[in-house]
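Protein chains in written order, with UniProt numbering: chain U, 1 to 180; chain X, 1 to 182.
Note that these hints are calculated values from the structure, not bench results. Bear in mind the structure is a predicted one, so any value in this text is a computation, not a measurement. Where is the CB? At the ideal position from N, CA and C, for every residue including glycine. Be aware that one or more of the hints could be misleading.
[To be verified] Here are a few chain X residues that face chain U, going by a calculated C-beta distance under 8 Å: (1) Asp19; (2) Tyr97; (3) Tyr164; (4) Asp169.
[What the hints assert, rightly or not] Derived DSS-like pairs (lysine-lysine); straight-line CA-CA distance at most 30 Å: (5) Lys173(U) - Lys161(X); (6) Lys84(U) - Lys69(X); (7) Lys144(X) - Lys29(U); (8) Lys151(U) - Lys144(X); (9) Lys116(X) - Lys2(U); (10) Lys91(U) - Lys2(U); (11) Lys162(X) - Lys173(U); (12) Lys168(U) - Lys151(X); (13) Lys144(X) - Lys173(U); (14) Lys18(U) - Lys151(X); (15) Lys18(U) - Lys116(X); (16) Lys74(U) - Lys91(U); (17) Lys18(U) - Lys175(X); (18) Lys18(U) - Lys144(X); (19) Lys69(X) - Lys18(U); (20) Lys175(X) - Lys116(X); (21) Lys74(U) - Lys57(U); (22) Lys91(U) - Lys175(X); (23) Lys151(U) - Lys175(X); (24) Lys57(U) - Lys70(X); (25) Lys14(X) - Lys151(U); (26) Lys168(U) - Lys70(X); (27) Lys14(X) - Lys18(U); (28) Lys144(X) - Lys116(X); (29) Lys144(X) - Lys106(U); (30) Lys18(U) - Lys162(X); (31) Lys106(U) - Lys82(X).
Here is how the chains run, residue by residue.
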Amino acid sequence: MKRVLIISNKLTIGGAEKLLVELAVFAQKNNIQPTVLILDNYQHQYYDSILQGKGIKVVHTRIRPIKHFRAPLKMMHSAWWAIKLKYFAQKYYDSVHTIGLYNVEKVFDTITHRHRYFWNVNNSIQYFNMEYSYQQEIFGNGEDTIVSINKYQHGELYQQYGDAIKAKIVLSKLFIDDTN
Amino acid sequence: MIRINLVARIAGDKNSFLDLVYIAFQLKQQGFEDYLVTFIGAIETIEIYQNIVRMAELLEVGDKIDFTKKSIPMHQLPDDIKSGYFFAFTVGMFMGYSAIESINLGFKTIFCNVDKRLDCEQSCYINVCPNLNAVIDLILMINKDTAVVDKQIAINNQLMKKNYLLNADEASLLKSLMAPNG
């Protein structure tokens with residue numbers, strides 16, 4: 001069975017989180033086993049129960065830094081995930097999807113995989129001076145793919161980052177599965 | 001009474017909340033006062049919340065603005081809120097998940113573009129507004145002829161809903177992103 005890792009930083013009620021849930025459910029319905037990884041956030045939030053109710057594995061941990069001396073079990077868990085994603089992600093998952101470019105800086109150097117997808121869930125209008133706040137380095141790997149969710153983001157990124165963008169850019173629209 | 005609802009976390013990455021205060025003010029200026037604007041969502045950035053409250057006070061529409069102060073799944077909203085009009089910000093023709101969920105649940109949904117650079121991108125649907133003035137006109141039209149406008153909004157939303165179902169090609173693309181060959 002194919003496997004996909006989907007990464008974000010929270011599962012509260014919100015648009016990016018809804019996208020994560022739709023992607024996970026879509027994967028499951030298409031015989032791709034999803035695992036949801038929530039970074040730097042140990043709270044059980046709204047979509048945790050919904051994902052778990054659908055039998056989708058949700059992991060809360062952090063992969064950098066992993067020091068957590070007051071909670072040694074959590075620290076061991078973090079260490080395991082840090083090693084797994086740095087050295088064995090390719091073995092465990094067919095692709096790794098990070099929801100929100102604001103989360104990419106957490107995974108850019110810590111997850112090694114040939115098929116990394118970074119979902120852009122914002123538009124420049126949401127930022128000060130209508131400029132994204134991301135470091136241009138996150139666009140610099142030609143093996144990565146930026147997934148736009150609307151037709152405007154492509155132009156916005158190129159206007160701001162220009163030739164620094166080496167990653168591929170694809171468009172995949174927001175969707176709902178109204179059979180849920 | 002016309003209820004206008006906005007589903008969004010009160011947070012810094014969403015900077016158009018004052019637009020609704022402006023709408024409230026303009027409606028009052030034009031002699032229409034039978035409405036209530038409800039912000040549905042957790043308050044994540046207290047300064048943003050305070051700015052909304054302060055601006056509403058300054059414009060003397062504080063009694064027309066309400067907050068749930070917590071996020072509530074849309075299908076679990078009270079019936080009086082569900083029966084209102086759900087206001088959704090768009091970027092040109094792009095609609096986010098609160099708008100998609102709203103039309104999927106059959107709520108009356110009004111869209112307004114927030115990116116002035118994309119004013120000309122709007123569709124011809126009555127409830128897809130290029131700017132705030134168009135929203136104000138629409139609300140006044142709803143007040144004048146509720147049944148007719150509601151019917152048109154319902155038809156439009158059903159048409160829009162189809163845009164958010166994946167067709168075979170789109171599903172295939174998504175599958176290929178999740179399980180690429182090689």
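Outcome of the hint check:
1. Asp19: violated, 12 Å
2. Tyr97: Cβ of Tyr97(X) sits 4 Å from chain U, so the hint holds.
3. Tyr164: Constraint on Tyr164(X) satisfied, holds at 5 Å.
4. Asp169: Hint on Asp169(X): violated, closest Cβ of chain U at ~11 Å, above 8 Å.
5. Lys173(U) - Lys161(X): This hinted pair holds, its Cα atoms lying about 13 Å apart.
6. Lys84(U) - Lys69(X): violated, 40 Å
7. Lys144(X) - Lys29(U): Not OK: Lys144(X) and Lys29(U) at ~46 Å, beyond 30 Å, violated.
8. Lys151(U) - Lys144(X): violated, 36 Å
9. Lys116(X) - Lys2(U): Violated. Lys116(X) to Lys2(U) sits at ~43 Å, over the 30 Å cutoff.
10. Lys91(U) - Lys2(U): At roughly 11 Å apart (the allowed maximum being 30 Å), Lys2(U) and Lys91(U) satisfy the hint.
11. Lys162(X) - Lys173(U): holds, 12 Å
12. Lys168(U) - Lys151(X): Since the Cα atoms of Lys168(U) and Lys151(X) sit roughly 43 Å apart, the hinted pair is violated (cutoff 30 Å).
13. Lys144(X) - Lys173(U): violated, 36 Å
14. Lys18(U) - Lys151(X): With a Cα-Cα distance of about 28 Å, the restraint between Lys18(U) and Lys151(X) holds, given a limit of 30 Å.
15. Lys18(U) - Lys116(X): The hint holds at about 27 Å.
16. Lys74(U) - Lys91(U): With Cα atoms ~23 Å apart, Lys74(U) and Lys91(U) stay inside 30 Å; holds.
17. Lys18(U) - Lys175(X): holds, 18 Å
18. Lys18(U) - Lys144(X): violated, 36 Å
19. Lys69(X) - Lys18(U): With Cα atoms ~20 Å apart, Lys69(X) and Lys18(U) stay inside 30 Å; holds.
20. Lys175(X) - Lys116(X): Given that 30 Å is the threshold and the Cα spacing comes to 35 Å, the pair is violated.
21. Lys74(U) - Lys57(U): Satisfied, since the Cα-Cα distance of roughly 17 Å is no more than 30 Å.
22. Lys91(U) - Lys175(X): holds, 19 Å
23. Lys151(U) - Lys175(X): Holds, at about 20 Å.
24. Lys57(U) - Lys70(X): The hint holds at about 27 Å.
25. Lys14(X) - Lys151(U): holds, 20 Å
26. Lys168(U) - Lys70(X): At roughly 38 Å apart (the allowed maximum being 30 Å), Lys70(X) and Lys168(U) break the hint.
27. Lys14(X) - Lys18(U): Holds, at about 17 Å.
28. Lys144(X) - Lys116(X): holds, 28 Å
29. Lys144(X) - Lys106(U): Outside the cut-off at roughly 52 Å; violated.
30. Lys18(U) - Lys162(X): Distance ~18 Å between Lys18(U) and Lys162(X) Cα, so the pair holds.
31. Lys106(U) - Lys82(X): violated, 38 Å
Violation of the numbered hints given earlier is confined to hints 1, 4, 6, 7, 8, 9, 12, 13, 18, 20, 26, 29 and 31; the remaining hints are satisfied by the structure.
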